[in-house]
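Engineer: What follows is each chain in one-letter form.
Number of protein chains: 6
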Amino acid sequence: MLLHLSTWAEIEAYLKRSTTVVVPIGSNEQHGPTGLLGTDWLCPEIIAHEAHKAGDILVAPTFNVGMAQHHLDFPGTIALRPSTFMLAIGDWVRSLAHHGFDRIFFLNGHGGNVATIEAAFSELYADASYRGGKSGFALRLKNWWDLQGVQKLAYQQFPTGHGSHATPSEIAVTQWAYPDAIKTANYAPQIAPTGPIREASDFRARYADGRMGSNPAQASPEKGGELVKLAVQGLLEEVRAFGAERAPLAAE
Amino acid sequence: MLLHLSTWAEIEAYLKRSTTVVVPIGSNEQHGPTGLLGTDWLCPEIIAHEAHKAGDILVAPTFNVGMAQHHLDFPGTIALRPSTFMLAIGDWVRSLAHHGFDRIFFLNGHGGNVATIEAAFSELYADASYRGGKSGFALRLKNWWDLQGVQKLAYQQFPTGHGSHATPSEIAVTQWAYPDAIKTANYAPQIAPTGPIREASDFRARYADGRMGSNPAQASPEKGGELVKLAVQGLLEEVRAFGAERAPLAAE
Amino acid sequence: MLLHLSTWAEIEAYLKRSTTVVVPIGSNEQHGPTGLLGTDWLCPEIIAHEAHKAGDILVAPTFNVGMAQHHLDFPGTIALRPSTFMLAIGDWVRSLAHHGFDRIFFLNGHGGNVATIEAAFSELYADASYRGGKSGFALRLKNWWDLQGVQKLAYQQFPTGHGSHATPSEIAVTQWAYPDAIKTANYAPQIAPTGPIREASDFRARYADGRMGSNPAQASPEKGGELVKLAVQGLLEEVRAFGAERAPLAAE
Amino acid sequence: MLLHLSTWAEIEAYLKRSTTVVVPIGSNEQHGPTGLLGTDWLCPEIIAHEAHKAGDILVAPTFNVGMAQHHLDFPGTIALRPSTFMLAIGDWVRSLAHHGFDRIFFLNGHGGNVATIEAAFSELYADASYRGGKSGFALRLKNWWDLQGVQKLAYQQFPTGHGSHATPSEIAVTQWAYPDAIKTANYAPQIAPTGPIREASDFRARYADGRMGSNPAQASPEKGGELVKLAVQGLLEEVRAFGAERAPLAAE
Amino acid sequence: MLLHLSTWAEIEAYLKRSTTVVVPIGSNEQHGPTGLLGTDWLCPEIIAHEAHKAGDILVAPTFNVGMAQHHLDFPGTIALRPSTFMLAIGDWVRSLAHHGFDRIFFLNGHGGNVATIEAAFSELYADASYRGGKSGFALRLKNWWDLQGVQKLAYQQFPTGHGSHATPSEIAVTQWAYPDAIKTANYAPQIAPTGPIREASDFRARYADGRMGSNPAQASPEKGGELVKLAVQGLLEEVRAFGAERAPLAAE
Amino acid sequence: MLLHLSTWAEIEAYLKRSTTVVVPIGSNEQHGPTGLLGTDWLCPEIIAHEAHKAGDILVAPTFNVGMAQHHLDFPGTIALRPSTFMLAIGDWVRSLAHHGFDRIFFLNGHGGNVATIEAAFSELYADASYRGGKSGFALRLKNWWDLQGVQKLAYQQFPTGHGSHATPSEIAVTQWAYPDAIKTANYAPQIAPTGPIREASDFRARYADGRMGSNPAQASPEKGGELVKLAVQGLLEEVRAFGAERAPLAAE
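Here the protein sequences line up with chains A, B, C, D, E and F, keeping their order. As numbered in our numbering, residues 666 to 917 make up the first sequence, in order. As numbered in our numbering, residues 666 to 917 make up the second sequence, in order. As numbered in our numbering, residues 666 to 917 make up the third sequence, in order. As numbered in our numbering, residues 666 to 917 make up the fourth sequence, in order. As numbered in our numbering, residues 666 to 917 make up the fifth sequence, in order. As numbered in our numbering, residues 666 to 917 make up the sixth sequence, in order.
Next comes chain A alone, as it looks inside the complex (with noise of 0.2 Å):
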C-alpha cells in the first residue's frame, strides 16, 4: 500500500496486520552533469514503489529532502541542516509511532544522510533512556545499495567508474524509472576525482561537475531495471525479517 493513496481507515485495517512502515528517504542534490537533482530520493522511491506492487508492504510519502550541505554551490540543491533534518526525522517517527507503528524501516538513497539519520534514531531512543522506560519502536536505516546482492552487481556492471557521487547506478535507476528524463554530457574527465567532503565551496572547488570518482556514462535503464529488481527482492525480504524481530524479553 501507498500511504497517501490511502485513507485513514485503510491504515488503521492494515496495522491490524502488520506494524511495520517503509518510509523512502534521500536528498535533493545536484548529481553531476547528467544526474537528475532529485536521484537520492527517486530511488529509494521507485524501489520502494516497486516492492508495494510485488508485496503486502506499507510505504510511506518519500522524505525528499536531507543532509546535502556540501552540494549547495550547484543549483537546485535543497539541504536541510542536520539539526533540522534530526528535528523532522524525529517527528514522522513520533508520529507513525503514535500510531502503533513500531518497526520503521527508512530506506535511503543519500549516503551523506547515513551520519544524520543515525544520530536522529539515537536522539529519538534517549529520550526513553532517560525516562528510563521502552520507545515503543525499532528503527533501522538500509541504504537501496546494501540491500541483498545490489552492490555486487552494481560493481559487475560498472567495474571501473562506479565511484561514490551520481554513480552510474543511481542514474541507472532513475533512467529506468523516468526515460524521457534522460540526460547526456561530455565527462571530463571521464572519471571524476575523489577526495573529502567538506563545506560547499569547498566541494566546488575540487569536484568541478559535481561527481565524485563515478563515470556516469555507462549508464542504461535496462541496468537500472536489473538493479530495481533485485533491490526490491532484498526490500521485501529486510522488511519482512525485521517486522517479524523480537524484543529481547519474552515478559516485556
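These are computed hints drawn from the structure, not numbers from a lab. Hints are supplied without guarantee of correctness; some may be wrong.
Pairs count within a copy or across copies, as identical chains cannot be separated in the list.
[Unchecked claim] Here are the simulated lysine-lysine pairs, PhoX-like style, with alpha carbons at most 25 Å apart:
1. Lys799 / Lys718
2. Lys799 / Lys894
3. Lys807 / Lys848
4. Lys894 / Lys681
5. Lys718 / Lys848
6. Lys681 / Lys848
These numbers come from a predicted model, not from an experiment.
Given chain A's structure and the hints, the job is docking chains B, C, D, E and F onto it.
Structural biologist: Chains B, C, D, E and F alone, transformed into the frame defined by chain A:
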C-alpha cells in the same frame, strides 16, 4: 520545469531567465473516510505539475508534511511540530535563495499550514531585520483554492457541504489525478459537524470520521478537472505577476 | 481582577469560581509619526483593564512585545523572533494551566502577531497530540478590533484612511487613555501607501513614515472612548461564552 | 521619557543626545499572603518611572515575567524557563542595539533573575567573541536594592525579618505606589523560615505561605516612599555614570 | 572512588551506601602569562581527587570546558555558549539522576561559570515544576575557594594582588599538583588592572596579558599545598552535610 | 604539547609553527563487568598523551562524555543527547578555529560517537555553505583502532571474542595505563552476545553484563602497551599528513 527531473546545469540556465520558483507544500493527514492521506500535498503538486506543462515555471519537489498535530489520532497522519516545520522551511528557503532564487512562491494545500508558514517567513525576514540588511528574497504563500476564481467555482460546484476539511473540492482534485484511488463510504451524518481545532484527542472526539463541515460524496473527477484547469491559469498568472514585481527602491 | 495586583491566595480563591484568564498581548513597535510605540500592547491592556471594572474577569499582566521584525528600522521597536515568541507564549500558557486555568484568552492588539500566536497554540497542543492525551486547556486568540461591532464602528468613524498600521482607531484608543501623550504631525501623503510586508529595510523603503494605508489625523479621544466602550462589552461577552463552552464529550 | 508613550521620531531624536536606555525587569510571582503577584516587576517599574520624572532618561517597557519556576505551585505565578528567558532578553537587546543604544541598563526586581540575566548577557557577548568582533553594546544589570544606599536603608527600616522573598521593603514600595491594593493577613510564623530553592513542590513544602525569612507586616507606604526616593537618586547616578563610561581603547 | 576508574558494578554497589556524587567543573581558558589554560578545571579536579583519597566520596569525570567567551581572544581558550553549557549540564544531571544519584554536587573552579550553572539548575528544576512533580534530585554548586576557610587562607597568603582572574591562589594549586609545568614571566604591571567583563575583544583591550587584578608571582607550590589541604577538608564536610540533608516533608 | 598545561602565550607561539590540534574524544559509559567507565575517553587520551611525548603535536583537553544513551541503564554512564553533543562539538571547533587552528583532528574512542560527530561536522560546514563562504577549517575524525595497523594487531592478539563493546583491546589499553585499576570477574558467557543497539532498557535486556560480543578476559597490560605503541605511530603520521594537506585551489 520540474526541478527534481532536472540537472544542476539546467537550473543554472533557468536562473538566467527567471529567479522565481514554485514550491508545492501541504500535509500528509487524514481526510475523512474517503479522502486520501496525501490530499493536501497532492493537490498543490497536481496543480503545479499541470502548470509546468502549460507555462515556463520551475516547480521544486513537494514539501509533503506539515502542521497536522490535530489529526494525529487518525492513523496515517504525519505531523511536524510548528517549530520543526519552521526550521525546515527556513532551510529550503536558504538553499533556494543561495542559488539566486529571489521570488519563492509556496503553493499551499493545507489551511492548517498557513499560520506556521507565515511565522516561518517572518523568522526568515527577521534574520535580515536584526542584522540591518536585505534578505535577498521575497516569499509568497498562496493556497490553491485562493487562486483566481477557484473558490468561487468550488462553491458553485458544492453549494452545500463544502466544509473546511476533507472538502469535496480537494477530494475531486485527487480523484481527477488518481482515478484508481477513488474511495467510497457511507457518510453519517451526510454533512460533518463544525467547531474549533485543538489537540488530536479533542479533534477525534468532535469529528468522528475526520471530516469538518463537508460532504465529500459530491466529489467527482470531472469537477476536479475543472478546478485544476482554473487553478493552473491562476497559478501561472500569480507566478508571472510575482516575478514581475519590483522592489520599492529603484536604487537598491 | 488584575492578576498583578492580587495575591496568590486571591487567585486561588478566584479559581474556585472561574478557570478563565484574559491575557492582553501586543507589540512594542513604531506606529507612524504620531502613534505611540506602545500602541499595540496598550490597546488590549486598556480594553481589558476597563472590562475588569465592568465584570468579574481576571486579567493577566500584559505581554508587551511581539512579532515586529519588519518595524526594526524605526527606532524604539522591540521585536521577538517568532521562535522566541512561541517559546515565551508556551511558558505563559504552561504556567497558567499549571494553576488550573483551562480557558486562556489572548486579547491581541497586533495583526502581525496572529500567525505566530496561532503557531504557538499548535505547538502547545502538539505536546498532547504526540503523547496521546489531553492538553488540559483551550486557547483562544481574539484581536480587539474583531470583538463584536468594533470593526464596524471603526469603519463608520473612519470611512477612508483607516488602513492597516497606525490606524486612526488604535491611535484614538490610546488618545482616550493617555490624553497627555497625544502627538501631532503633518502627514505626507495624508493617506499612507499599502503593499507587502517583508524585512525591515524593505518596510522602511516602502512606508517612509511607518504608516500603512492610514490617516491617523482623524483620531480623537472621543472616538477612542466609543471604541473602548464597545470593545469592553464584546470582550465580556466573548469571555463569558468561552468560559461556558463545554468539551465535546460529556464522558471525559 | 517613557519609550512606550513616545513615537519613533522622538526616540530617533533622543538617540542624538543619549544612547543609554533603562529596561525595568522583574518577575510575576507569588509574594506571600499579602504581596502582590506583580511585586518584582512593579518595583523596578515604579522606580524607573519616578526617575524619568526627575531626570532625562529613557525607560523601555517593563519586562514583566522572569525566572520563577520555584514559585509555580502558588497560583498566579508566570514563569519563563531560563532558556526562554535568555532568548527573549537576547531579542530585546538586539532590537535596542539595532537602533543605536549601546548602553543597555537592566533595573532588576527579582533576585532569582540574576543568574539567568547574566547568562543571557554572556550569550549575547559570545556572538561577538566567536566572530572576533565587537558586540556594539555594553550591558549592565542592577538590582534596585543594590542602588546606592537602598539596602542600608531597608535594613534600618526592618532590622529583623527583612528576609529574602516577600520582603517588607519590596512590599512597601508597591504599597506606596498602589495604596488601593494593600493587603493584610495574619502571618504564622511572624518571620518565615529560610532554606534552599529547588523545584516548585519542594518550595511549597518548605515555605507554606510563600515567604522566605520575611515579616511583611512591617511594610508601610511611607517606608516605601523613602526607599523609592533613594532608589531614584541611585538610579539616575548609575545611569549617568554608565552612559559616561568609555571603551578601553581610544583608537577603537 | 573515581567514577571513571570504576566499573558499573562498583557504582551500583556504591549507590547502596551513598547517593551523592561530586562533579569537578571548570573551564579551559587563558590564565595570564604564567597560568595554565587548564587551571580552572584542574583546581577542582585536584581537590576532588585528593579528597577521594581521604574520604569515601565518589568523583565523576571532570567537566572541563565552561563559560569562557570573554577569553576567546587569547589562544587556547575553549568556550561553550551558555545555552550549550546548560544543555550539557542538563544531560550530565539527568544521566546521574537516572542511576539514583539524588545529591549532585558541582565543585566549581571558574567564577564565570556560576551564573550559567545556576541557570542550568533552574532549567532542570523547571521540568519538574511545570509538570507539577518532584525533580528527584538536589543540586549544589560550590566554588572551591568558598569551601570552609579557603578564601580566608588565600587572602592571608596573598594580602595584595590576589585579584579575580589568574589569581596566585589558583596558580599555586596547579603548581603544587603539576610542578613540572610551572611557568615564569615578568609581569607588567605587577598587579593587573580590574574592570568589567564583556566580549572577548573588549576583554583583551582591557587586560593586555589576561590577568585581572592579580599578581601571580606570589604563587608557590607550598602555598598551593596548604590551600588544597584545607579545601579537601572543606569538601569532605560539605559533601557529608549535603548527603545528610533531608527533604522538607517526612511524608514525601 | 598538552594544551591544558600550557599558557596562552605558548599556544600563540605554537600556532606559528603548526595550525593542527588533536582533540581526544570519547564517552563515559559502562564497559562490562571489568571495563572502566572511562575506557572510551581514556584510550584516546592515553594514546594522544603518549604521542605528544614522541612528536611535536598539540593535544587539547579530552572531550570525555559522548553519545551513550543506550548504556544509561548501567550505573555510572553519563550521556549527552546527540543534539547536545553536536552543539558542544560546535563550540569547541569554533573556539579552536577562532585561534587559527584550521586542522582539527578528533581522535575518537567510542564507535557510538561516530554518527553524531560526523553530523556535527556537517552542521559546522553548513554554516559556511549556506552563507556561501569558506569554513576556515578542516575537520577529521579517526577512531584510534583505525590508525594504521591497530585493528589488525588487535585481531591478531584476540582472534576470537574481540567483539564490539568492552573489547579486550580497549581494556588492555587502560590496563597498560592504569595498572592499579585492573578488575577481574567471571564472564558468563565467556563471549557476550551480539545484536542491535536501541534504547537503554532494550540494551540491558539483550546484554546482561554490558558487553557486546567480547571476551575481555584476554586483555593484558602488555597487549595494551603494544596497541598504544602502534597507535602512537599511526597518530603521529595521520596528524602530519593532515597538517600537510593542501586546499584544492592554489588561488584561494
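Engineer: How do Lys681 and Lys848 come out at 25 Å by Cα distance, when the copy is not named: within, between, both, or neither?
Structural biologist: between (45 Å within a copy, 20 Å between copies)
Engineer: Treating 25 Å as the Cα threshold, decide for Lys894 and Lys681: within, between, both or neither.
Structural biologist: neither (29 Å within a copy, 40 Å between copies)
Engineer: At most 25 Å between CA atoms: does that hold for Lys718 and Lys848 within a copy, between copies, both, or neither?
Structural biologist: between (28 Å within a copy, 19 Å between copies)
Engineer: Since the copies are identical, ignore which copy is meant and state whether Lys799 and Lys894 lie within 25 Å (CA to CA) inside a copy, between copies, both or neither.
Structural biologist: Intra 37 Å, inter 42 Å, cutoff 25 Å: neither.
Engineer: Check Lys799 against Lys718 for me: Cα-Cα at most 25 Å, and say if that holds within a copy, between copies, both or neither.
Structural biologist: Answer is neither: 34 Å inside a copy and 39 Å across each miss the 25 Å cutoff.
Engineer: Treating 25 Å as the Cα threshold, decide for Lys807 and Lys848: within, between, both or neither.
Structural biologist: neither (28 Å within a copy, 33 Å between copies)
The earlier numbered hints that this structure contradicts are 1, 2, 3, 4.
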